[in-house]
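**Student:** Residues per chain, in single letters:
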Amino acid sequence: MATSQWWASESFWRKTAIWVTGGSFIALILLTMDTIPQISTGSKRVPAYSVINYRISYKFDETRHVQVPVIGAKEPLFGKELNEEEAEALVKLGKLTTQSKNCMNCHTLLGNGAYYAPDLTKSWLDQYWGTKEVREVQMLEFIKDPSDKVHNSMGRRMPKLEITDEEARGVVAFLKWMSSIDTNGFPYNFKSIEQEN
Amino acid sequence: MATLGMLDSANLNGGQKLAVKYFTVAIVLFGAQILFGLLSGLQYLYPDFLYGVLDFSVNRMVHINALVVWLLYGFLGSVYWLLEEESQHEVVGLKLGNLIYWVLTAAVTVVVLVYLFVQIGPGKESSIWLINEGREYIEAPRWADIGIVVSVLVVFFNVAATFSKGRYTGIAGVLVLDMLALFGIYLAGMFYTTNISIDQYWWWWVIHLWVEATWEVMVACIMAYGLMKVLGVSRKIVETWLYIEVALMFGSGILGLGHHYFWIGTPEYWFSIGGFFSALEPIPLVAMVVHAVFDAGARHAKNNNHPAMAWLIAHAFGNFFGAGVWGFMHTLPQINLYTHGTQWSASHGHLAFFGAYATIIIAMFYLGIQRWRGGTWMSGDLPGNGWKWKWALGLLNLGMVGMTVAMLVSGYVQSQIERAIEGSTWMGYFAAQIHPWFVQGMWWREVFGVMFLVGFVLLVWDLLTIGKGESRKMIEVSNAA
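Same order as they appear, the protein sequences are chains A and B.
Each residue of the first sequence is one higher than the one before, starting from 2 at the first, in the numbering used here.
Each residue of the second sequence is one higher than the one before, starting from 2 at the first, in the numbering used here.
You can take every hint at face value.
Derived contacts from chain A toward chain B, CB cut-off under 10 angstroms, selection only:
hint, residue
1, Ala28
2, Arg65
3, Leu111
4, Leu126
5, Arg158
6, Glu167
7, Phe175
8, Ile182
9, Thr184
10, Asn185
11, Pro188
12, Phe191
Computed far set for chain A versus chain B, every beta-carbon distance over 10 angstroms:
hint, residue
13, Leu83
14, Lys133
15, Arg136
Using 27 angstroms as the maximum straight-line C-alpha spacing, the simulated DSS-like pairs for lysine-lysine come out as follows:
hint, chain 1, residue 1, chain 2, residue 2
16, A, Lys192, A, Lys75
17, B, Lys125, A, Lys93
18, A, Lys81, A, Lys93
19, B, Lys125, A, Lys81
These are calculated hints, taken from the structure and not from any lab test.
Each residue gets a CB set at the ideal place from its N, CA and C atoms; glycine is no exception.
Hey, can you work out the whole structure from these sequences and the hints?
**Tutor:** Structure below.
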């Protein structure tokens, strides 16, 4: 009788289910406790919001064999240096704007979202913005009204989303800050805008 | 007892009367999901279509939110459906349960209307509270989140209390704990943070621990119940299998969460954890196929509800291929670096949600309609040889497989051209999007989407008519329950 075998019994599998579930969940909690400090703002992997005062580039790392963000010389966003609090307020405005305008249902951020528009993880560094001198103005103009800016041969355009001047600045700040996050080399083989002086 | 073959609520117990209400809304939202999916798909082909009126972001949001909500309605309906039979006790708070159903349905309606007519708000926290949270799958504004949590807690207490007063079976034990986890996890998605890495860390707790853990266990419970009902498999067998599945599912799925932590800023050790455990995730799904097919074979597929049994088998295979194989194909970080956030994900998402969840809820619809009509005959030799349910089954499954393969082809093109060659830039993205191979995939997706819609229409027609005027009683299957 197969059912008399311990490995086929209901009670054995009930206990196994409980122990495996409990064990996995505890492991997840412990890993979470280890991970959260490593991705908190101001950590090595996720820099403080005031990082928007500096040049951020994405360079190949010889030991990790992927590109990693590198924080360089002072290059304040919109030419104005912000303290930590001001920087956080601006990035927060930008993040709230990306949520309330539903960016994630066309774009991906850190690779998550929808696939109708380009990934925004490193968009601050994208060659599309031309040169680093005109980048900030280009981005602001684009975000405020992209509807008349055709940039591909199939006519797919971003709609105008009633984004104010201040919100657009916030979005640019958020994008610049996001480009400084160490994403383990995602996106791979990214070709950055020329930023050297 | 009402006449056989007539739709009469006297044929249902209290929980089941509530269940069919949930099922009805689920079907309506299923239809909405398909409609808005077709609109979004069309915008890939004609970008100016509805531009500025119903933009892609809106259509896509309604598409995926309708999906989440109709599946949740399907689950809640299924739980209420089996509750009185399993517990052998009346639902303790049926009136409250009914009230919550209406509250929840009213809230869903308001949320959808706001999505469609307000769409976006200013960059303030009030937008997140009132309009749209802007986080994929859980876009519902915060007021609705709170409403959802309160509602599902009431459902939970209703279910737990009913089992406690009546019979506490193995299925009941798993179901109650699973519902607690399912609803508890939702709380992880209910706060705002500016730090997008922390944001996505907890966001994945909701999304992943729902669809790759607690939802899977939920459908395992429904499957156990379904096999007892349709085939008459003994309780001892299905409950032992249920425990095996829970062990394998949670054992692989909880830490499989790691495969979402490759690229969001989280440390590199998640490569090994996520890669290893998510590679194990298909195993419980294979077990489920073995379970369902073996039981069907052992009974010579003699069953009292052919459409339901066919959809249970479709579930077993769809879950294995959609969630298991399609997920495994791009789960290891070495490939995911190129496929993450491309049409690969869309391909996997479609087959997985359909195969794992839509199928089994459709099976429950058929169990529901059979009982609602007084327990009519639904085995072989139906009028017209049962062509409607068979064609619906065929068209829905073929349509879905077609969409999945079409998006996979586009996904290959996108990961090669945009990611590997062009380096994921803006121009790289569009270089892939305008490539003829990519565009072909998008066309075929739309074509198969229409096929899917035809299958859906047929399914609804069949559910409305099957068993109508039938004078034969259903086959009695031996049941140790």
